[in-house]
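Chains as they are written, first to last, in our numbering: chain A, 1 to 470; chain B, 1 to 200.
Honestly, the hints are just simulated from the structure, not real lab data.
Among the hints, erroneous ones may be present.
[Unchecked claim] Derived pair list, reagent style SDA-like, types lysine to any residue, alpha-carbon separation capped at 25 Å:
id: 1; chain 1: A; residue 1: Lys-329; chain 2: A; residue 2: Asp-242
id: 2; chain 1: A; residue 1: Lys-304; chain 2: A; residue 2: Met-467
id: 3; chain 1: B; residue 1: Lys-133; chain 2: A; residue 2: Lys-165
id: 4; chain 1: A; residue 1: Lys-195; chain 2: B; residue 2: Glu-124
id: 5; chain 1: B; residue 1: Lys-53; chain 2: A; residue 2: Asp-462
id: 6; chain 1: B; residue 1: Lys-31; chain 2: A; residue 2: Glu-81
id: 7; chain 1: B; residue 1: Lys-147; chain 2: A; residue 2: Gly-199
id: 8; chain 1: A; residue 1: Lys-9; chain 2: A; residue 2: Lys-329
id: 9; chain 1: B; residue 1: Lys-31; chain 2: A; residue 2: Gly-22
id: 10; chain 1: A; residue 1: Lys-9; chain 2: A; residue 2: Pro-306
id: 11; chain 1: A; residue 1: Lys-335; chain 2: A; residue 2: Pro-306
id: 12; chain 1: B; residue 1: Lys-127; chain 2: B; residue 2: Lys-147
id: 13; chain 1: A; residue 1: Lys-439; chain 2: B; residue 2: Glu-124
id: 14; chain 1: A; residue 1: Lys-270; chain 2: A; residue 2: Asp-210
id: 15; chain 1: B; residue 1: Lys-53; chain 2: A; residue 2: Lys-304
id: 16; chain 1: A; residue 1: Lys-439; chain 2: B; residue 2: Lys-127
id: 17; chain 1: A; residue 1: Lys-439; chain 2: B; residue 2: Gly-39
id: 18; chain 1: A; residue 1: Lys-92; chain 2: A; residue 2: Asp-269
id: 19; chain 1: A; residue 1: Lys-92; chain 2: B; residue 2: Thr-119
id: 20; chain 1: A; residue 1: Lys-317; chain 2: B; residue 2: Lys-135
id: 21; chain 1: A; residue 1: Lys-439; chain 2: B; residue 2: Lys-135
id: 22; chain 1: A; residue 1: Lys-439; chain 2: B; residue 2: Val-197
id: 23; chain 1: A; residue 1: Lys-419; chain 2: B; residue 2: Lys-40
id: 24; chain 1: B; residue 1: Lys-147; chain 2: B; residue 2: Gly-114
id: 25; chain 1: A; residue 1: Lys-51; chain 2: B; residue 2: Lys-53
id: 26; chain 1: B; residue 1: Lys-53; chain 2: A; residue 2: Val-278
id: 27; chain 1: A; residue 1: Lys-417; chain 2: A; residue 2: Lys-9
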Amino acid sequence: MSKGTLYNKVWDAHVVEKLPTGQYQLFIGLHLIHEVTSPQAFDMVAEKGLKVAYPQRTFATVDHIVPTQNQARPFADAEAEQMMGAIEKNVKKFGVPFFDFDSGSQGIVHIIGPEMGLTQPGMTIACGDSHTSTHGAFGTLAFGIGTTQVRDVLATQCLAMDALKVRRVNVNGKLNPGVTAKDVTLYIIQKLGVKGGIGYAYEYGGSVFDRFTMEERMTVCNMAIEGGARVGYVNPDQTTFDYLQGRKYAPGADKWDKALAYWKSVASDKEAQYDDVVEFNGEDIEPIVTWGITPDQSVGVNDKLPEVGRFSPDEVKTVELAYRHMDLKPGSPIKGTPIDVAFIGSCTNGRLSDLREAAKVAKGRKVARTVRAFVVPGSQKVKAAAEKEGLDKVFTEAGFEWRGAGCSMCLAMNPDKLKGREISASSSNRNFIGRQGSKDGRTMLMSPAMVAAAAVEGRVTDVRELMKTS
Amino acid sequence: MSKITQIEGKAVPVEGNDIDTDRIIPARYLKEITFTNMGKYPFYDERFDAEGKPKGHPFDLPQFSGAHILFVNQNFGCGSSREHAPQALMRWGIRAIIGESFAEIFAGNCTMLGIPTATVSQDEMRKLQSLVKAKPEIQFTLDLEKKTLLSGGKEHLRFDIHESKRNALVNGTWDSTGLLLANAAKTAEVARKLPYVAGF
C-alpha cells in the first residue's frame with residue numbers, strides 16, 4: 001500500500017467520512033462543468049429540490065459543441081443551440097460563475113482551469129469529462145466523472161469514491177530533439193497498455209518531468225486516462241509555482257507564502273512508498289504515431305507496423321479489427337502514410353507552446369494540396385496570445401485554417417468532422433473508431449509538430465527531417 | 001431507493017476488448033439534453049448501416065431480444081466519461097454487465113445507475129459467451145449476495161465485484177446523494193480546514 005505520496009496526502013486531507021458501502025466521501029475542492037454533461041445533472045438537483053451546495057467552487061464554460069468557425073448565436077445546429085441555452089439558464093439559476101464567449105476566457109475546460117489559476121496544487125478536482133486528469137500536472141487529484149456524479153458534486157460538493165493504488169512512472173535521461181511531451185505520454189501508454197492503469201493513480205516523475213514546463217506536464221497527465229489510470233499527477237515544484245504566480249484566481253502576494261507552504265507540503269515524501277514503480281529512459285523515445293483504434297497501438301515514426309503474431313492471443317481480435325478499420329498492413333512503414341486531414345488542437349495539445357511548435361514547422365511551407373488542415377486554439381486566451389505573436393499568420397500563410405476556441409475535431413460534437421473514410425493526423429487523444437465524427441473515419445495520433453509535418457508533406461513524416469532543412 | 005440483490009434474464013454477448021464509450025454511444029447523440037432517448041442508440045454505428053438497416057449486431061438478433069445481462073470482455077467502457085453509455089445500455093434493457101474487466105469511470109457510472117459490473121476470468125467469459133450463443137434462451141440469475149451466476153437454475157460460477165459497489169447495490173445506497181448529504185456538517189468542517197478553501 002502506498003504511503004507518503006501526494007496521492008495519500010491529498011486524499012487524506014479531503015476525506016469526509018468512510019461510507020457504509022466501504023467507499024470514501026471525498027470533498028471536491030474545484031468543480032468544472034461544461035455544456036454536455038451538466039444539463040441532466042442540474043435537472044436532477046432541481047428534481048430533488050436541492051441547491052448547489054458550494055456555487056463558488058464550481059466554474060462553467062462551453063467547449064464540446066461550440067462551432068469553431070461561426071460562433072454567432074443562434075448556432076446553426078439547433079441541438080447545439082438548445083444545449084447552449086441550457087447551460088446559460090442553469091448557471092444563472094444556480095449562481096455558478098460562467099466563462100462564456102463574451103468573457104474572453106472561454107475555452108476547453110481543461111485549458112482554462114490552469115490558465116486562470118483555478119487549478120492549484122493539493123486540490124481535489126472533478127469534471128464531467130475523462131480528461132480531467134490534465135489538472136494533475138499541478139499536483140492535484142483530478143477525477144473525470146459521469147453526469148450523476150456531477151449531480152452529487154453540485155448537491156454536496158462531494159463524491160463517493162474508492163481508493164486507488166499509486167504507480168510511480170519515472171522517465172529519466174534526456175529527450176532527443178523533436179521528441180515532445182506527447183511522444184512521452186504515447187510511449188508510456190504503448191509500454192503499459194490501455195488497461196495497465198486500471199485501479200491506479202499514476203505519479204509521473206524523473207528528470208524528464210523535472211525539466212518539463214507546466215504545459216508539457218499537462219499533455220502527459222491529460223492522457224493518463226488513455227492508459228487506464230483514472231488520475232495522473234506530477235509533484236508540484238518551482239515550475240508549478242512560477243506558472244501560477246500572478247494568474248487571476250491564484251493566491252495574491254499577501255497569501256503567497258501560506259499557499260506555497262501548503263503546496264510544498266503535499267508533494268510526495270522522499271521516502272514515499274508506492275504500490276508499483278516503472279522506469280523508462282528518455283533517450284529511447286522517438287516521435288510516435290498511432291496506427292490503430294486504441295491509444296496503445298502505436299509505433300515510432302521510423303518503425304514498421306507490428307505483425308499480428310506479435311500480440312498475445314487475447315489481443316489479436318482487436319489488432320485485426322484495427323488493421324481492417326485503418327486499412328493498414330502489418331510490416332509496412334507508418335512513415336509515408338498519406339493523410340486527408342490535419343488537426344492541431346484539443347485539451348491534449350491546444351496550448352500556446354503546442355501552437356508554437358507546430359508553427360515552427362509550418363513557417364515558410366505550404367500545406368499539401370490534398371490535405372485539409374486547421375488549427376484550433378484551446379481557449380480564447382491562447383488564441384489571443386498566439387495572434388499577438390503572429391502565429392495565426394504563419395498558419396494561414398501556410399494554408400492552415402485558423403479557428404475559434406473549442407474541442408473541435410477531437411470528438412466532433414460540432415461541425416468539425418472527418419468525412420467518410422478520411423484519415424487524419426491529429427494532435428488529440430483518442431483514435432477510437434468513429435471518434436472524429438465519421439464511423440468509417442480514421443485517426444493517427446501524434447504531436448502537434450508531427451501533425452504540422454504531415455500537413456505540409458501530405459503524409460506521415462519524421463518531423464526531424466524537416467527540422468534539418470528549416 | 002431499491003435494493004438490488006438479484007438480476008434475472010437472458011444474456012447477450014458483445015465480444016471484443018477495449019470497447020470504448022464512443023463505440024457504445026457515438027458523440028452526436030450526446031447533444032440531447034436529457035437521457036430519455038438514449039435507449040435507441042447503444043452501439044448505433046456498429047448496428048446500422050448508412051441507410052439505417054441492421055447489420056446483425058447481437059443487440060438486433062431476435063434470439064437476444066429482451067436480454068437483461070450483457071457479457072463483455074476486457075476494459076469495457078474505456079475512454080470518455082459519458083454516462084450516456086450506461087444510460088443507453090440500461091434504457092435498451094441491460095440490468096447487469098459481466099465482463100473480464102471494466103474501465104473505472106464506466107463502472108462507477110454503472111453503479112450510480114444500479115447496474116452491477118461483475119468480473120470473471122477470461123476463460124469463464126469465453127465459456128459464457130459460447131454458451132449464450134449456442135443456447136440464447138437460457139435464463140441467468142446474477143445473485144449479488146452470494147456472488148454467483150446461475151444458468152438455467154444451476155449454479156454456474158462465482159464472480160467478483162468490487163466490494164463497495166456490491167454493498168451499495170445490495171443495501172440500496174447506490175444513488176449516493178443521500179449518503180453524502182447526510183454528512184453535510186462534516187463536509188463543511190473538512191472544507192474549513194483546507195487552506196485553499198479558507199483562502200489561505
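Verification of the hints:
Restraint check: the Cα-Cα separation between A:Lys-329 and A:Asp-242 comes to about 47 Å, which exceeds 25 Å; the hinted pair is violated. This hinted pair checks out: A:Lys-304 and A:Met-467 have alpha carbons roughly 22 Å apart, not beyond 25 Å. Taking the CA atoms of B:Lys-133 and A:Lys-165, the gap is about 37 Å. The hint is violated against a cut of 25 Å. For the suggested pair A:Lys-195 and B:Glu-124, the alpha carbons sit about 19 Å apart, so the restraint of at most 25 Å is met.
Among the hinted pairs, B:Lys-53 with A:Asp-462 is inconsistent with the structure: their alpha-carbon atoms are about 42 Å apart, more than 25 Å. As the CA atoms of B:Lys-31 and A:Glu-81 are separated by approximately 10 Å, the hinted pair is consistent with the 25 Å bound. Using a Cα cut-off of 25 Å, the hinted pair B:Lys-147 and A:Gly-199 holds, with the two alpha carbons roughly 21 Å apart. For a cut-off of 25 Å, the pair hint linking A:Lys-9 to A:Lys-329 is broken: about 48 Å separates their Cα positions.
Between B:Lys-31 and A:Gly-22 the CA atoms are separated by roughly 35 Å; this puts the pair beyond 25 Å, and the hint is violated. At most 25 Å may separate the alpha-carbon atoms for a hinted pair to count; A:Lys-9 and A:Pro-306 exceed this at roughly 42 Å. For a cut-off of 25 Å, the pair hint linking A:Lys-335 to A:Pro-306 stands: about 14 Å separates their Cα positions. For a cut-off of 25 Å, the pair hint linking B:Lys-127 to B:Lys-147 stands: about 18 Å separates their Cα positions.
Simply put, A:Lys-439 and B:Glu-124 have alpha-carbon atoms about 32 Å apart, too far for the 25 Å limit, and the pair is violated. At most 25 Å may separate the alpha-carbon atoms for a hinted pair to count; A:Lys-270 and A:Asp-210 meet this at roughly 15 Å. Between B:Lys-53 and A:Lys-304, the direct Cα distance comes to roughly 38 Å. Violation of the 25 Å bound is thereby established for this hinted pair. Distance check on the hinted pair: A:Lys-439 and B:Lys-127 sit about 31 Å apart at the alpha-carbon level, beyond 25 Å; violated.
Pair hint A:Lys-439 plus B:Gly-39 holds up; C-alpha atoms about 19 Å apart against a cutoff of 25 Å. About 43 Å separates the Cα atoms of A:Lys-92 and A:Asp-269, which puts this hinted pair outside 25 Å; it is violated. At most 25 Å may separate the alpha-carbon atoms for a hinted pair to count; A:Lys-92 and B:Thr-119 exceed this at roughly 43 Å. Taken as a hint, the A:Lys-317 and B:Lys-135 pair is honoured in the structure, with Cα atoms around 23 Å apart against an allowance of 25 Å.
For the suggested pair A:Lys-439 and B:Lys-135, the alpha carbons sit about 32 Å apart, so the restraint of at most 25 Å is broken. Restraint check: the Cα-Cα separation between A:Lys-439 and B:Val-197 comes to about 45 Å, which exceeds 25 Å; the hinted pair is violated. Only pairs whose Cα atoms come within 25 Å are accepted, and A:Lys-419 paired with B:Lys-40 is accepted, the gap being roughly 24 Å. Under the criterion of a C-alpha separation no larger than 25 Å, the hint pairing B:Lys-147 with B:Gly-114 is consistent with the structure, at around 16 Å.
For the suggested pair A:Lys-51 and B:Lys-53, the alpha carbons sit about 45 Å apart, so the restraint of at most 25 Å is broken. Restraint check: the Cα-Cα separation between B:Lys-53 and A:Val-278 comes to about 48 Å, which exceeds 25 Å; the hinted pair is violated. Pair hint A:Lys-417 plus A:Lys-9 does not hold up; C-alpha atoms about 42 Å apart against a cutoff of 25 Å.
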